[in-house]
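Two chains, two frames, some hints: make the complex.
Those sequence lines, one after another, are chains A and B.
All the letters of the first sequence, read from the start, carry residue numbers 1 to 202 under my numbering.
All the letters of the second sequence, read from the start, carry residue numbers 203 to 583 under my numbering.
Because the hints were derived from the structure by calculation, they are not lab data.
Ideal Cβ positions, reconstructed from N, Cα and C, are used throughout, including at glycine.
Among the chain A residues that face chain B by a calculated CB cut under 10 Å, a handful are:
hint	residue
1	22
2	60
3	87
4	108
Simulated restraints, written as ranges between beta carbons of each label pair:
hint	chain 1	residue 1	chain 2	residue 2	range
5	A	95	B	360	16 to 24 Å
6	B	442	A	42	21 to 29 Å
7	B	457	A	63	27 to 35 Å
8	A	113	B	559	54 to 62 Å
9	B	391	A	133	38 to 46 Å
10	A	134	B	391	39 to 47 Å
11	A	63	B	564	25 to 33 Å
12	B	454	A	63	17 to 25 Å
Computed list of lysine to any residue pairs in SDA-like fashion (alpha-carbon distance at most 25 Å, straight line):
hint	chain 1	residue 1	chain 2	residue 2
13	B	438	B	356
14	A	180	A	167
15	A	184	A	168
16	B	438	A	65
17	B	438	B	354
18	B	399	A	109
19	B	379	A	117
20	B	550	B	358
21	B	486	A	39
22	B	399	A	114
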Amino acid sequence: MNSQEPQPQVLIVDDDGAVRDAISLWLTCNGYHSRCFEHAEDFINHYSSDWQGCIIADIRMPGMNGLELQSHLNHLGCVLPLVFITGHGTVPMAVEAMRHGALDYLRKPVDEQQLLRLVEQAFALDQGRVNQTQRLASLTPRERQVAQLVVDGLANKVIAANLSISQRTVEVHRSNVMTKLAVKTLPELVKTYLSTESLRSQ
Amino acid sequence: MTQLTNTSDDAHDGLQTLFKNLPGMAYRCVNLDHWPMSFVSEGCEALCGYTSQQLESQQVLWGDFTHRHDVAEVDRQVKSAALKGQPFELEYRIVPRTGPHKWVWERGRVVGWLDDGTAVLEGFITDITSLRDAQRTISDQLAQLAHVERLNTLGEMTAAIAHEINQPLTAIAMYSKSAQLLAQQGNQEHLQQVLEKLAQQSLRAGAVIERMQAMSYQTSHQQDRIDPINLLKEIKDLAEIEAEIRSYTIELKLPQELPSITCDPIQIQQVILNLLRNGMQAMKINQCDSGSAIILAAKVVDQQLWIQVTDQGTGIDPQMADKLFLAFSSNKQTDNAAGMGLGLTIGKAIIEAHGGRLSYHNLLPNGAEFSFNLALPSKQT
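Same shape as in the complex, but just chain B (with noise of 0.2 Å):
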């Protein structure tokens, strides 16, 4: 028995140690409302400024300073995972005794039950807060670098859009001296009807500089629920003013419904711009015909949504195909408007930050096809 107890107690001892050097913290709780704990490693002092004998003895419970916009969510989630047995693994917000918020990774599942039919948890919980950080560091350079690119892409688009500007400003300056010679000769029928031309061709001309408008702003780590749809109109519509001058088509290829995704739409936006506008210089090198189409397409397969720019350009030169998406590395000598080679290097970045992969094949007898994947939200959530 001695011998037993004795090894019960070093393996005791043993624990106590593995416990004490955990980065986090290890737990058991009851799943009621703020997880109130039975057990707590030391660990926890470090994460959260209270002591386990505080956590232990109830005087604190872990859900008080859980963050508050996140605490409803990480109840639904732990609700739901031991309803069906299942682990759950969370990423929130703690709010600790002093100091700044911390995000923190959680992993834990159910253990057993009280007679009452009360799930009881094990888990472990640590700090990310540097992970975090470091994460948010790489996608604020991603958005400045992103936002420069745009604005780089709107400068060199400056003919075009000077050009679909010019055209109402013309039919404008006409109308309007037009409408003097007709209001002097009294011709108040004719006038009404210039007078409405005239205000057509100056939302017109508004239409173009909303349409650039918000390729300019600067985003926010802003994912939202965006309907791709809205999302390719959108950006064809802009696409085409370079389209038009270019004497070539956007053709849309879309089914007539597809699922919302959660995105930065501006970025995601960007990166088509960049295809197509990278697949209509491709054609201009390849002496496509005027009236020849550029597509863009979009389709669902596996859960992921795929977005696709098929050009009749030149295809990428096989000599191009390791640098391709590395920085500085353009390939349009030929053409005025040469980049700073940045363009697809952000794009497949803009893509890789979203969880999805910026690919690209050659098409015979002419042509290349870029795509790229987007998950769709899982159903459930």
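One chain only, chain A, in its complex shape (with noise of 0.2 Å):
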């Protein structure tokens, strides 16, 4: 595995040999990447902040369920889009599940095609948020002081004085920021802003 550029794969978290190994086959023969897990522990224990994909995991698993997986994870930050697999009797696990942010769930036996359209989701919607991080990223810390400010509400030239500079440097900051972060309008640049924010925050 090449850890200098991570690319997006399906990361499996299942206690049965079996599903694993199915889910893992279907999804590679659809040219997916995937990476399998025994159960919870051992994907917390080999968790990386900078894997980008989406996660699949069973809900019932001895040990850490997928519901404590959940949270976990939460806890430390991993934004990566989760998709429960539930079976009989835990439907009201993965509705909990969604109430913490899983992007859904399948019920098994489950149907492969509906797992293909939610890897893809999920996989668009981590890309959405990969692409995000990298613009963000891309702000010198200048322009990312003055993003913060116009965020908060602040006008030009109160921003100018709060950073000591002229507000004609504040407009040149701010027009770079729109450009950078790929936005046309404030309410745009809000948005991106504060949701990009929040995930780096965590």
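Spelled out as structure tokens, the structure:
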């Protein structure tokens, strides 16, 4: 595995070897990279914050179950989209998981087309996050300061006074921020900045 | 002399009256094939439809109307007892002159020997058909009740069984769709591997169904010679389906070998399954950690096979102790799968019908141990 340039992969967490193997095979046949974990603890031990893609996890597992894994990952600041697999009788748990930010859940026996659709959706979501993060990372420290103050609702004049720079310079920074974050309006800027920044701060 | 004769006649009359009123037939015979009778009391006509004269004149022999399935065993037991000079006690069937077969109880012993060494036997035979019928009715009813309870148990296990079957089904769905893609790509080698895995998963699903199927059968008074180790392993597999979704394990503690027992295997497995499920429910209520074990153990003590189920649950509330084995007294309010409260009642009845006893005691600091015994067949037979 190439750790220099992380590529999106489907991270499968399921205690059942055959289910793990079969899902992984199906995804591989459909051009996805995947990696399997036997239980939640195994996943946590290997977890790296630069992973991209999505997680598919069984809700019912011995030891740490799916919900506990989710809460653990939330604490770690993991923002990978999470799809749960649920069996008979664990649907209420899946609903609970959705309330805590899971993307969706699949009922067993899993419909393979639905699985592909969800993985595709999850990858798109994660790619959007990665792009945003990269854009935000491209801001200079000064641009970041300006962006933060714009988002806080301060006028250019006030920002200039705060940072002891000219109002003209603030306008230039502000324009650069808009370009780098690929947004055109102030509300767009606020939305993008807040969502990306809240991901980073977790 | 006259006096004496009179007294002896009186005694004879008295004996005749006694014989007449006996609820059965007293006899004297020689220990030869089919037991030729030299004396038979009057009760024989009511018992077998032949007169005492017919038997005493040896027009008919007792062995002629002993049930053909039982005659060899009766013969064997009488001969063996006669050889040792011990009394014998038997239950077997006879086919009377008219009407259906009857069950009889016989007790006899050797009272002397003829010159040629043939043993002379005396004894008493009585009709126990109505007792047998009553026992049979009770046992039929227990079997029916036990069957209903087994179906009920399977009903309660639906969620666990569905989960256990959905695992291989999920794998099968993915493998088969992948196989289609591999076939399109012409990837023969990989395709072979996937098809092999596919076959394994369908066997796995089949095995789950097989495990539960036995429990759904109606039993038929089948008292089989059973290897307890197989019996215990089979039921552990079934109970494990449920242990898995509760994240508990079942630990089997068995000696290398156990002598075989005579029992209705499905009913005995039913009792064990019930004890294991109760124990796991108690552990759930006691919030035992996932991975906790419930122990199923067996050992032989004093010609008895003891089977024990030890949980780490809440133990039995002393307030429940009196009514634990009573019907409809379930303790499982906190569990969705609250049963009918018949499991232990039926379990106790099954064990008692097998001649054993089901009992329990609480453990410290927590948990309960339920155990029951089954007699091992004595070594001579």
